[in-house]
Amino acid sequence: MAKAIDILESKQNLKILPVFVSTDPQRDTPSQLRAYLKGVLMIAEVEGANTVEFDSRIIGLTGPVAAIRQMAQEYCFYFKKVEEDGSDYLVDCSHNMYLLNPKMEVTRCFGVEYNAEELSEVIGKELNRNPS
Amino acid sequence: MSGAQLQSASPALIIQGSQKNEGSVAVATAAESKPKKKICCACPDTKRLRDECIVEHGESACTKWIEAHRLCLRAEGFNV
Chain V
1 MAKAIDILES KQNLKILPVF VSTDPQRDTP SQLRAYLKGV LMIAEVEGAN
51 TVEFDSRIIG LTGPVAAIRQ MAQEYCFYFK KVEEDGSDYL VDCSHNMYLL
101 NPKMEVTRCF GVEYNAEELS EVIGKELNRN PS
Chain S
1 MSGAQLQSAS PALIIQGSQK NEGSVAVATA AESKPKKKIC CACPDTKRLR
51 DECIVEHGES ACTKWIEAHR LCLRAEGFNV
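If you're matching them up, the sequences are chains V and S in order. For the first sequence, the working numbering assigns the number 132 to the last residue and increments by one with no breaks. For the second sequence, the working numbering assigns the number 80 to the last residue and increments by one with no breaks.
You may find that some hints are simply not true.
[Unchecked claim] Each computed PhoX-like pair below joins lysine-lysine, with the alpha-carbon atoms no more than 20 Å apart: (1) S:Lys38 with V:Lys80; (2) V:Lys125 with S:Lys38; (3) V:Lys15 with V:Lys125.
None of these hints come from the bench; they were simulated from the model. None of these values were measured; they are calculated from a predicted model.
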């Protein structure tokens, strides 16, 4: 997703605000999220995705399980703690991305089959079709 | 113009080439007799069908696909 944002900004001069919401609030503390998302940005940079100065930041969000569950209901994604074994567990969850307009309405939903180029192209079309 | 993009899971398009991360930052390791995929990468076909159904119709209408994905994960060696 960081690459798609970079493509959007460098090629189409479009700016979006990326938000990552963790579905594992027990383990993904704010500091964990910060370290993880920093790694994501660094990978994008290392791969040479940047053609302009990289100033985008992915905002990492977490919250109590009840809040995540409510979000799952409203945005129709799935998450479930599985394979509990003592203190360890895995999380099975959807991998969707949502494009929201400034009114916080979902205009588009993406599965993981989109690569960075396709993602930026579709987002660009959506933004140009509904300029805000 | 501006917009906000919300992602409910790992930005899996980047990490480790085509390999994806779990929904959790902390990588869980489990002792197993055979090597095992990460749960987020296992059974991509049933996972996609389940996720598409949930986005369109909500979780309560998708028990068939949720169960299909769960059975596939179990066949892959996950304890779900």
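Results of checking the hints against the structure:
Our distance criterion of 20 Å between C-alpha atoms is met by lysine 38 of chain S and lysine 80 of chain V, whose separation comes to about 15 Å. Distance restraint check for lysine 125 of chain V and lysine 38 of chain S: the Cα-Cα separation of roughly 34 Å exceeds the 20 Å cut-off, and the hinted pair is therefore not satisfied. A hinted pair counts as satisfied when its Cα atoms are at most 20 Å apart, and lysine 15 of chain V with lysine 125 of chain V qualifies at roughly 13 Å.
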